[in-house]
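The chain contents come next:
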Amino acid sequence: MSAATDAVIPRILKANEADLLDEWLREQLSAFRAGSRISESDLRGQSREFLNLLQQATQGGNIADVQGPSYGRVRDLLGDVSRSRGLQGFSPSETAMFVFSLKRPLFTRIRHELATDPDSLATVTWSATELLDKLGLYTTEVYQKSREQVITRQQQELLELSTPVVKLWDGILALPMIGTLDSARTQVVMESLLQRIVETGADIAIIDITGVPTVDTLTAQHLLKTVTAARLMGAECIISGIRPQIAQTIVHLGVDLGAVITKATLADAFRRALEMRGQREPLLKPR
Amino acid sequence: MDRIPILKLRDLLLVTIQVDMHDRLAMQLQDELTTKISETGARGVLIDISSLDIVDSFIGRMIANIAAMARVLDAKTVVVGMQPAVAITLVELGLTLPGVRTALNVDKGMALLESTTRAIEDLPAADAGRTE
Chain A
1 MSAATDAVIP
11 RILKANEADL
21 LDEWLREQLS
31 AFRAGSRISE
41 SDLRGQSREF
51 LNLLQQATQG
61 GNIADVQGPS
71 YGRVRDLLGD
81 VSRSRGLQGF
91 SPSETAMFVF
101 SLKRPLFTRI
111 RHELATDPDS
121 LATVTWSATE
131 LLDKLGLYTT
141 EVYQKSREQV
151 ITRQQQELLE
161 LSTPVVKLWD
171 GILALPMIGT
181 LDSARTQVVM
191 ESLLQRIVET
201 GADIAIIDIT
211 GVPTVDTLTA
221 QHLLKTVTAA
231 RLMGAECIIS
241 GIRPQIAQTI
251 VHLGVDLGAV
261 ITKATLADAF
271 RRALEMRGQR
281 EPLLKPR
Chain B
1 MDRIPILKLR
11 DLLLVTIQVD
21 MHDRLAMQLQ
31 DELTTKISET
41 GARGVLIDIS
51 SLDIVDSFIG
61 RMIANIAAMA
71 RVLDAKTVVV
81 GMQPAVAITL
91 VELGLTLPGV
101 RTALNVDKGM
111 ALLESTTRAI
121 EDLPAADAGR
131 TE
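Top line first, the protein sequences correspond to chains A and B.
Residues 1 to 287 (our numbering) make up the first sequence, in order.
Residues 1 to 132 (our numbering) make up the second sequence, in order.
Treat the hints as calculated values from the structure; they're not laboratory data.
One should not assume that every hint holds.
Stated by the list, open to error - Taking lysine-lysine pairs in the DSSO-like style, the calculated list, with each CA pair at most 30 Å apart, reads:
| # | chain 1 | residue 1 | chain 2 | residue 2 |
| --- | --- | --- | --- | --- |
| 1 | A | 14 | A | 103 |
| 2 | A | 225 | A | 263 |
| 3 | B | 108 | B | 76 |
| 4 | A | 167 | B | 108 |
| 5 | A | 167 | A | 263 |
| 6 | A | 145 | A | 134 |
| 7 | A | 225 | A | 167 |
| 8 | A | 225 | B | 76 |
| 9 | B | 108 | A | 263 |
| 10 | B | 36 | B | 108 |
| 11 | B | 108 | A | 225 |
| 12 | A | 103 | A | 134 |
Quantities reported herein were computed from a predicted structural model and do not represent experimental measurements.
One chain only, chain A, in its complex shape (with noise of 0.2 Å):
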């Protein structure tokens, strides 16, 4: 590509910066349907800045390498911009549109500009394409990143929320699990259980089930090895807070919790630990 058709780009720019402006705008706001998440002033505001970083960046010569030094502020603008909208609930297409609506408004005056020549008429558009092609990819690359960062952090809060052992009772402990119970947070949820028992040294450990939404052979198997492991250290487990559904969801997947004791209310499990606990010492010391 020769320099004179390089040039093209930021000297249109330039010259029509105000008509490309209020073209582009309008084009973005038919998008939107009625520019419900954005006002319209801070859409001009990102968009006059990115027109004129844009322009700033293409004078530099090399247009199509966006990844190089003098797209920097363009690229940190558009960062700004996919973050932002990312949070407020913008989709990936949506927010794409942002450099993609640019398209229409920057051709018509290309074509304009070179009607008598079609042969850099091609070559300017082609260019034209290719940068936008590229910045569109990069707002959703930086969408797509943020949306990953917030989903990572959100399942570590997620795990850490999700194991809290508490003692109920001296020799007492309670496990409410709320969630989906996949390997990964039962391996979690045991650890934390076993390590408990030996700190505090309880003869009794309730698993509430109660958040549980669900129980299938998986999850039981692991309630199973959980309660299992604490027999072989010799805390016994009771299960408690298994709504109808599940009761009859296990009988029918046929899972044998004979060896286990189950309860329907964390209340009932509580009352049966602390008569287990009553066979062998009495229940209130005095202190």
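With the hints as your guide, set chain B onto chain A.
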């Protein structure tokens, strides 16, 4: 050569495993423990494995075997102080040690053994009165 001491405590035998278990040591323990039970007529065996942090399927099986042999010789076995990692490993290996009693520490294991053996002793001694 390592040896695992077997201590006699009234009518109980106390075994504390404080070295890394290897296969020959486990076989030797099995041998000595059964001999000791029949010699002393012990009613209970307490195996403390709180310093054992690695088990394999063989050691797991040995623990189950020792408990079964002690039961044949009419002595109750309690395994105490199992570490969480060991418990998880045994469960993953499918060795759930059925028939083996467990307790969190030696203290609780002793209480468990005493309560079970006394319950049995109380039966014929009910009209004769306590001899202790």
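Verification of the hints:
no. : hint            : result
1   : 14(A) x 103(A)  : holds, 16 Å
2   : 225(A) x 263(A) : holds, 18 Å
3   : 108(B) x 76(B)  : holds, 14 Å
4   : 167(A) x 108(B) : holds, 19 Å
5   : 167(A) x 263(A) : holds, 19 Å
6   : 145(A) x 134(A) : holds, 16 Å
7   : 225(A) x 167(A) : holds, 21 Å
8   : 225(A) x 76(B)  : holds, 25 Å
9   : 108(B) x 263(A) : holds, 26 Å
10  : 36(B) x 108(B)  : holds, 23 Å
11  : 108(B) x 225(A) : holds, 23 Å
12  : 103(A) x 134(A) : holds, 12 Å
In summary, the structure agrees with every hint in the numbered list given earlier.
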